[in-house]
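We have chain W; now place chain A onto it with these hints.
Order-wise, the sequence lines are chains W and A.
The first sequence: position 76 = 76 (the UniProt record's numbering), numbered continuously.
The second sequence: position 104 = 104 (the UniProt record's numbering), numbered continuously.
Source of the hints: derived by calculation from the structure; they are not laboratory data.
Among these hints, one or two may not hold up.
Identical copies go unnamed one by one, so any copy, or any two together, can satisfy a pair.
[Unchecked claim] Straight-line alpha carbon distances no greater than 25 Å define the calculated SDA-like cross-link-like pairs of lysine to any residue that follow:
1. K2 <-> G324
2. K424 <-> P71
3. K66 <-> R51
4. K369 <-> G324
5. K2 <-> I321
6. K92 <-> E341
7. K411 <-> L367
8. K66 <-> K411
Protein chains: 2
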Amino acid sequence: MKQINVGVLGFGTVGAGVVRLLVENRDILRSKVGADLHLKYVADIDTETDRGIALGDGVLISDAHKMLDDPETDIIVEMIGGEGIAKEFILKAIRNGKHVVTANKALIAGHGNEIVEAARQHGVDFAYEASVGGCMPIIKSVRESLVGNRIHAMTGILNGTCNYILTKITEEGSTFEDALREAQAEGFAEADPTLDVEGGDTAHKLAILNALAYGMRINLKDIYVEGITRITPLDIAFAAEFGYKVKLLAISKNRGDAVEARIHPTMIPLNNPLSNVGGSLNAVTISADAVGDMMLYGHGAGMMPTGSAVVGDIADIARNIMTGATGRIPVLSYQPEAIREVPVLPVDEIETHYYFRFAAADRPGVLSKISGILGDLGISIASVHQKGRKTEGAVPIVMLTHIAREADVRKALTEIRNLNIVCKEPVLIRIEQ
Amino acid sequence: MKQINVGVLGFGTVGAGVVRLLVENRDILRSKVGADLHLKYVADIDTETDRGIALGDGVLISDAHKMLDDPETDIIVEMIGGEGIAKEFILKAIRNGKHVVTANKALIAGHGNEIVEAARQHGVDFAYEASVGGCMPIIKSVRESLVGNRIHAMTGILNGTCNYILTKITEEGSTFEDALREAQAEGFAEADPTLDVEGGDTAHKLAILNALAYGMRINLKDIYVEGITRITPLDIAFAAEFGYKVKLLAISKNRGDAVEARIHPTMIPLNNPLSNVGGSLNAVTISADAVGDMMLYGHGAGMMPTGSAVVGDIADIARNIMTGATGRIPVLSYQPEAIREVPVLPVDEIETHYYFRFAAADRPGVLSKISGILGDLGISIASVHQKGRKTEGAVPIVMLTHIAREADVRKALTEIRNLNIVCKEPVLIRIEQ
Numbered sequence: 001m002k003q004i005n006v007g008v009l010g011f012g013t014v015g016a017g018v019v020r021l022l023v024e025n026r027d028i029l030r031s032k033v034g035a036d037l038h039l040k041y042v043a044d045i046d047t048e049t050d051r052g053i054a055l056g057d058g059v060l061i062s063d064a065h066k067m068l069d070d071p072e073t074d075i076i077v078e079m080i081g082g083e084g085i086a087k088e089f090i091l092k093a094i095r096n097g098k099h100v101v102t103a104n105k106a107l108i109a110g111h112g113n114e115i116v117e118a119a120r121q122h123g124v125d126f127a128y129e130a131s132v133g134g135c136m137p138i139i140k141s142v143r144e145s146l147v148g149n150r151i152h153a154m155t156g157i158l159n160g161t162c163n164y165i166l167t168k169i170t171e172e173g174s175t176f177e178d179a180l181r182e183a184q185a186e187g188f189a190e191a192d193p194t195l196d197v198e199g200g201d202t203a204h205k206l207a208i209l210n211a212l213a214y215g216m217r218i219n220l221k222d223i224y225v226e227g228i229t230r231i232t233p234l235d236i237a238f239a240a241e242f243g244y245k246v247k248l249l250a251i252s253k254n255r256g257d258a259v260e261a262r263i264h265p266t267m268i269p270l271n272n273p274l275s276n277v278g279g280s281l282n283a284v285t286i287s288a289d290a291v292g293d294m295m296l297y298g299h300g301a302g303m304m305p306t307g308s309a310v311v312g313d314i315a316d317i318a319r320n321i322m323t324g325a326t327g328r329i330p331v332l333s334y335q336p337e338a339i340r341e342v343p344v345l346p347v348d349e350i351e352t353h354y355y356f357r358f359a360a361a362d363r364p365g366v367l368s369k370i371s372g373i374l375g376d377l378g379i380s381i382a383s384v385h386q387k388g389r390k391t392e393g394a395v396p397i398v399m400l401t402h403i404a405r406e407a408d409v410r411k412a413l414t415e416i417r418n419l420n421i422v423c424k425e426p427v428l429i430r431i432e433q
Numbered sequence: 001m002k003q004i005n006v007g008v009l010g011f012g013t014v015g016a017g018v019v020r021l022l023v024e025n026r027d028i029l030r031s032k033v034g035a036d037l038h039l040k041y042v043a044d045i046d047t048e049t050d051r052g053i054a055l056g057d058g059v060l061i062s063d064a065h066k067m068l069d070d071p072e073t074d075i076i077v078e079m080i081g082g083e084g085i086a087k088e089f090i091l092k093a094i095r096n097g098k099h100v101v102t103a104n105k106a107l108i109a110g111h112g113n114e115i116v117e118a119a120r121q122h123g124v125d126f127a128y129e130a131s132v133g134g135c136m137p138i139i140k141s142v143r144e145s146l147v148g149n150r151i152h153a154m155t156g157i158l159n160g161t162c163n164y165i166l167t168k169i170t171e172e173g174s175t176f177e178d179a180l181r182e183a184q185a186e187g188f189a190e191a192d193p194t195l196d197v198e199g200g201d202t203a204h205k206l207a208i209l210n211a212l213a214y215g216m217r218i219n220l221k222d223i224y225v226e227g228i229t230r231i232t233p234l235d236i237a238f239a240a241e242f243g244y245k246v247k248l249l250a251i252s253k254n255r256g257d258a259v260e261a262r263i264h265p266t267m268i269p270l271n272n273p274l275s276n277v278g279g280s281l282n283a284v285t286i287s288a289d290a291v292g293d294m295m296l297y298g299h300g301a302g303m304m305p306t307g308s309a310v311v312g313d314i315a316d317i318a319r320n321i322m323t324g325a326t327g328r329i330p331v332l333s334y335q336p337e338a339i340r341e342v343p344v345l346p347v348d349e350i351e352t353h354y355y356f357r358f359a360a361a362d363r364p365g366v367l368s369k370i371s372g373i374l375g376d377l378g379i380s381i382a383s384v385h386q387k388g389r390k391t392e393g394a395v396p397i398v399m400l401t402h403i404a405r406e407a408d409v410r411k412a413l414t415e416i417r418n419l420n421i422v423c424k425e426p427v428l429i430r431i432e433q
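Next comes chain W alone, as it looks inside the complex:
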């Protein structure tokens, strides 16, 4: 049986998941792939800690270059993360003619165009299913299953930390700060949660999906990103009253010559299947001309789910090696010559429904002034709820709008803010129906 040699860079949690699957499920992989996916090297600066996985002599090494320079290693699995040494190692592996598998969304979102071009020049495969949606086969679905479709839109819950925190706030009425602390205690959030809770990680993933779905160069910098740090139990409670849940969504829409791409907390109705995706789970809905709406749902992160996606990529590459079919599918879904520069629309140009909460001064005429400004800017109010409960000297006025243009909404909020009739920064949450 043919042997394909695999080297894993980084023996942290996710690296250990890959190693465990390659070791423990080696027999089942052989019976499916028809080759032996042999774990030749695992490189980590820490070669002492016991990860509970028995490795043969000489497999665990501290010098990554030993595997990168080894002519017998066919596939390099980068599990280090970040945009520093990981990028350097990946580019060296590619230059040395090795196929590369990674889960590193930050790296692909930031430097993917360069890496993909390097892989093309050196005739190697570069695979990254685990970078978006963990074990869910979102990249394979977009690149392969939906190949005959024109994709209209994608909507995803792509960050388990944020979904865990929002679920806690929704179900237990916790504040953001308390929910974050709990998420950290239970291992669902990092010590520095910035990349997750500010939406950056979700943006990395959407940048990758956009390229695959719309045939555009990877473009991270133009995606509008708003995280969940300002979400309060009060707004989530109001959302529930209106029949909505609040989720951090990645939303992209194909608008022909441009793409709408944004990450923000979003109210979605309870009959939207994404509203039932709780805890740290992930899900993505894809709308396309032939399939209509389709959804994938599963664990978006974690040692074994991520390991599963990485091993799926290893097997795909192994099958290409065995049949001489490297480069069988273009890395970014479209043939390189078909990839275009598609602009991402400024957020000002999006049109959607809005939820506003104003902390209004408790005196006559306030509601009329607010609604006057909205009306002057063509923002039509679908419903208003002014509740009696005065908190911190102000009355909460909640409004839901019909479809409005973001630029008008921003202008209106600035004017309302300047009136000195609202006591705090107005709250704005976008609604997707």
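Leaving out everything else, chain A in the frame of chain W:
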């Protein structure tokens, strides 16, 4: 640009969906696949009806053998259905060295082992993503994405007709007969709905999934099949009172040396994501060692969703042709030599929770006799509801059990039936927690 010639057998609804995608999305397919998927022939005995798709001169033919014998046609798409002429044409295409794509679950479930062996002998690809779950990439997910997993179980809503009917009964309190008539009127059910409503179609699909997931030969005949024709609004209303919905589920469980495989109406709790899959939609949950639980959700049938899956298969095969990688993935997921005869357990050996409804005679001691028989057979009752409302001279007694063995349950129901204290056949619906 390389041209891959495609011939479509059968220009009915689904065949027309494939043709439409190949024609209308030809440019996007080119920009992704890097080849021209050229529709060379469409064969149908009806060459007169206008399907609203413009085909070139000489493309629509009535003689299928013209494309089967044409040395330039690379891929044959069988969209005729059934186990008669479709099988004959597929085997001829394979013998002539052509790759084959089909959506024909009945044929694969009944004759798949033979067809797969023929494809192997003749070195051609045989693809059938559209046979299970319509546009959902369930076959690709099991064969490729989950390749590193040991699959523990699969649970699916795999028949849109049944799901549509059960949704109608649930939401509108219709009888089965009325809901079926509505489904027929709206095009969700065939004039002869037997294969759908008796569970046969769902069994075809589960037989295919079982082979892929567990490395077994396709085995349709041993799957336990019970349809939805006896489901009443009363039982669905009771289910709702207990917090359950009733769905026709395909359930399979890997029990090591054997497989549990059954199709039957099933009560599932509202927090099970499958319970929210309404109308004609399909969904499948897969449980596996690395991914945990994962779900796919989408349109399981219909012209364009099915067309999308077929075109995905055509593109996969085209990519294999272009890179010389035919046979890159074994048709049934496992290498032929790794496929085993895995027995399907008799339904008597399953263990699950049960819902019973007895139409009990309205006299003293009935409940004690029923519960006595259940107790003697080791069937432990979780809850009993005896409602006052007497209908047709009988009182409904509803019971939910703890985990019990099917053989014991059947024995108990026979004994209860023989007591002459129940006026009608007891109702049994299995519950999955």
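Tested hints:
{"no.": "1", "hint": "K2 <-> G324", "verdict": "both (13 Å within a copy, 18 Å between copies)"}
{"no.": "2", "hint": "K424 <-> P71", "verdict": "neither (63 Å within a copy, 75 Å between copies)"}
{"no.": "3", "hint": "K66 <-> R51", "verdict": "within (21 Å within a copy, 62 Å between copies)"}
{"no.": "4", "hint": "K369 <-> G324", "verdict": "neither (70 Å within a copy, 71 Å between copies)"}
{"no.": "5", "hint": "K2 <-> I321", "verdict": "both (10 Å within a copy, 22 Å between copies)"}
{"no.": "6", "hint": "K92 <-> E341", "verdict": "neither (28 Å within a copy, 46 Å between copies)"}
{"no.": "7", "hint": "K411 <-> L367", "verdict": "within (17 Å within a copy, 71 Å between copies)"}
{"no.": "8", "hint": "K66 <-> K411", "verdict": "neither (58 Å within a copy, 67 Å between copies)"}
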